[in-house]
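2 protein chains.
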Amino acid sequence: MFKINEHYGQLNESYLFSTISKKIAAYAAAHPDAKIIRMGIGDVTLPLSPAIIKALHESVDEMGAKATFRGYGPEQGYEFLRNKIAETDFRNRGINIDADEIFVSDGSKSDTGNIGDILGENNTVAITDPVYPVYLDTNIMRIGQSEKIHFLASNASNNFLPEIPNQKIDVIYLCYPNNPTGTVMTKAQLEKWVEYARKNDSLILFDAAYEAFITENDVPHSIFEIEGAETCAIEFRSFSKNAGFTGLRCSYTVVPKALKATNNKGEKIALHALWNRRQSTKFNGTPYIVQRGAEAVYSPEGQQETKALVAYYMENAKTIRKGLLEKGWTIYGGANAPYIWVQCPAEASDSWGFFDRLLDECHVVGTPGVGFGKNGEGYFRFSSFNSHENTKEAIERIKNWKI
Amino acid sequence: MFKINEHYGQLNESYLFSTISKKIAAYAAAHPDAKIIRMGIGDVTLPLSPAIIKALHESVDEMGAKATFRGYGPEQGYEFLRNKIAETDFRNRGINIDADEIFVSDGSKSDTGNIGDILGENNTVAITDPVYPVYLDTNIMRIGQSEKIHFLASNASNNFLPEIPNQKIDVIYLCYPNNPTGTVMTKAQLEKWVEYARKNDSLILFDAAYEAFITENDVPHSIFEIEGAETCAIEFRSFSKNAGFTGLRCSYTVVPKALKATNNKGEKIALHALWNRRQSTKFNGTPYIVQRGAEAVYSPEGQQETKALVAYYMENAKTIRKGLLEKGWTIYGGANAPYIWVQCPAEASDSWGFFDRLLDECHVVGTPGVGFGKNGEGYFRFSSFNSHENTKEAIERIKNWKI
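So the sequence lines, in the order shown, correspond to chains B and C.
FYI, in my numbering the residues of the first sequence are 6 to 408.
FYI, in my numbering the residues of the second sequence are 6 to 408.
Just so you know, the hints here were simulated from the structure itself, not pulled from any lab data.
Keep in mind it's a predicted model, so treat the numbers as computed, not measured.
Worth double-checking, as some hints may not be accurate.
One copy or two, either will do: identical chains are not told apart, so a pair holds if it fits within one copy or between any two.
With a straight-line Cα cutoff of 25 angstroms, these simulated BS3-like cross-link-like pairs (lysine-lysine) come out [stated by the list, open to error]:
#	residue 1	residue 2
1	273	312
2	153	270
3	173	71
4	40	8
5	153	8
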């Protein structure tokens with residue numbers, strides 16, 4: 006009999022957000038009159054902005070005419086987009102990243118999952134706890150539940166910023182601004198991680214999908230703001246949250262050419278070459294029209310519209326923070342991130358208990374912290390991607406809630 | 006030091022078609038007046054048809070309005086598309102496949118590459134030789150150059166249809182209509198493979214990306230036309246070639262729920278559940294607008310337009326077949342496929358030698374057979390995706406060629 010990947014048997018049966026969706030659907034079916042407000046999943050709600058819609062229409066027209074039709078594009082992304090990214094997101098910020106170090110793709114979920122393809126199976130891997138479930142699940146798929154997977158505790162005692170490991174770890178996933186806690190690292194804090202990685206020959210997989218939400222000056226938007234990071238880090242960026250591309254699908258991954266590992270023959274191998282080979286072989290590029298949409302994010306109109314989208318959601322983050330502080334709850338995040346991480350009040354049994362009571366008594370949905378790891382138990386994540394009206398109403402309901 | 010996937014060191018340095026592109030670019034730079042006609046890569050040249058363009062514009066407008074905007078979609082694809090596929094491509098042909106057995110994705114290259122994620126590393130694997138390079142390369146990435154990889158010889162002595170293995174093989178890749186040879190299997194021939202797989206508990210990975218080009222009645226469009234295939238096969242389908250989606254990116258993979266393997270605890274595990282977990286965790290769905298474009302393929306206008314595209318390319322296949330037969334060359338394929346597989350004339354040294362002379366003396370590009378495997382040596386692939394005019398001119402040049 007042909008054999009399956011047995012590691013899949015060690016995964017939770019379903020992805021966290023699938024479980025939540027099913028719970029909401031069941032509740033809504035049983036309570037058809039409940040006006041449920043969703044502040045759970047990190048999905049945007051505002052439409053794509055005019056500059057992007059215009060670029061999409063124009064490129065659709067190009068695809069309908071023989072002279073301008075485009076078939077297979079470069080697997081790494083079109084130059085027009087890679088050039089704009091390198092210029093706007095990096096070089097204009099004084100970061101030395103070239104266009105050909107940027108790999109355009111269909112999503113950070115794909116890339117943070119697929120990056121394991123180019124790594125060895127004997128690496129020790131560190132992920133934070135709580136964590137975005139994809140990092141953990143994709144490692145279990147690859148190497149199984151294993152002592153090689155280390156959890157870096159993020160909890161109230163360290164303000165949900167994990168400490169540098171006191172042992173040698175090969176591959177470290179960091180996500181800042183953090184999903185799920187909304188916490189951020191200052192430049193000085195991130196420098197310590199880069200220093201650790203360079204000293205220990207570690208690889209940092211840095212997920213910066215939420216960088217557009219940073220409001221404070223000493224918080225880096227890219228790990229490549231830190232000197233030497235180009236020799237020890239890969240960065241994942243996304244158009245999902247800053248420009249509302251969750252349904253349009255575009256992101257990019259930066260693999261600097263200076264990032265090298267030593268193979269078992271003692272040769273220096275550039276990870277850029279490996280990722281390029283992976284993407285050329287197992288991916289056929291992001292749709293041309295989507296890449297034209299992403300390019301429009303960098304036009305003057307696109308930049309202005311995108312900033313307005315982020316500001317809209319950050320107004321919600323303020324509403325949530327203010328309301329919950331007034332309620333007397335302990336909270337983290339929400340200042341440089343669209344997520345607010347809440348300590349469940351003493352009256353709640355645990356984070357799933359709090360989820361159930363909040364849904365049943367306030368008709369408000371969030372995400373139970375334990376879904377992100379055991380250190381998330383007793384905590385809860387609110388996202389700020391709903392409308393101003395719904396967010397205000399949800400917070401009012403919570404403030405009036407006799408828990 | 007963190008470790009890389011050492012198997013990458015066992016791959017050819019570049020993907021076949023990257024090598025060819027570089028050769029053409031170098032030749033064009035040195036001979037700027039040469040009017041080069043490309044019949045190499047399998048990329049379409051006709052624009053997207055009106056029904057698809059209309060659907061794309063409409064869905065772009067939906068994405069620009071708050072009431073109709075769509076964020077994250079189901080990782081498996083929207084129901085509107087899965088339903089149309091199940092109905093049109095399967096149930097209307099008498100094949101019992103349900104909508105939830107269909108996983109919409111961004112390309113068959115991705116899916117035929119990623120399918121390895123859910124399979125064990127100890128499987129023996131068979132691929133044909135010659136073969137679409139992705140099957141081989143993605144297996145080398147996963148398990149390395151290995152005796153577990155078996156090559157099924159396709160050559161003139163078996164009319165480029167491999168024989169059933171006389172040993173037990175766990176996983177078998179079949180692609181019919183075949184890329185690169187353009188050959189097809191009759192229903193009776195494919196039945197023998199299904200019988201073999203059922204008897205040996207093997208898994209068939211059936212790539213039917215070119216099914217729309219089938220003109221003969223006894224050639225199956227889907228492996229699921231064969232009784233029992235739902236217990237031993239996964240099928241890959243694509244909108245790239247039938248509807249010209251190479252730049253728009255949409256395909257689908259059928260994983261029947263009846264397809265099960267036994268895990269190492271002796272439990273029956275549905276591959277449907279594994280692929281669903283893989284896609285939910287490492288993929289965020291195909292863009293909404295692209296899925297609306299794919300849905301339009303199934304409208305009455307879309308069906309008519311798509312058939313016209315295929316007919317256009319098959320007219321080229323006829324032109325190529327006729328011309329090369331008149332030239333006295335030995336050819337395969339081209340009757341139910343957009344590829345014509347040509348035995349290089351005796352005057353050519355080998356398939357790369359033929360490539361170079363054809364480029365230099367006729368300014369015509371094809372693909373050297375050896376690029377698809379060692380049994381491809383001495384053969385050459387022409388694709389029929391260029392315009393009628395260019396195809397006719399290329400064939401005239403070849404006919405007048407004093408090789």
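Cross-check of the supplied hints:
Proximity of residue 273 to residue 312 under the C-alpha cut-off of 25 angstroms is found in neither arrangement, the shortest distances being 41 angstroms within a copy and 51 angstroms between copies. For a Cα distance limit of 25 angstroms, the shortest separation of residue 153 from residue 270 qualifies both inside one copy, at 23 angstroms, and across copies, at 24 angstroms. Proximity of residue 173 and residue 71 under a CA criterion of 25 angstroms is satisfied in neither setting, with 56 angstroms inside one chain copy and 49 angstroms between copies. When the C-alpha separation of residue 40 and residue 8 is checked against a cutoff of 25 angstroms, the pair qualifies neither within a copy, at 47 angstroms, nor between copies, at 51 angstroms.
Both within a single protomer and between protomers do residue 153 and residue 8 lie at most 25 angstroms apart by alpha-carbon distance, with minima of 24 angstroms and 13 angstroms respectively.
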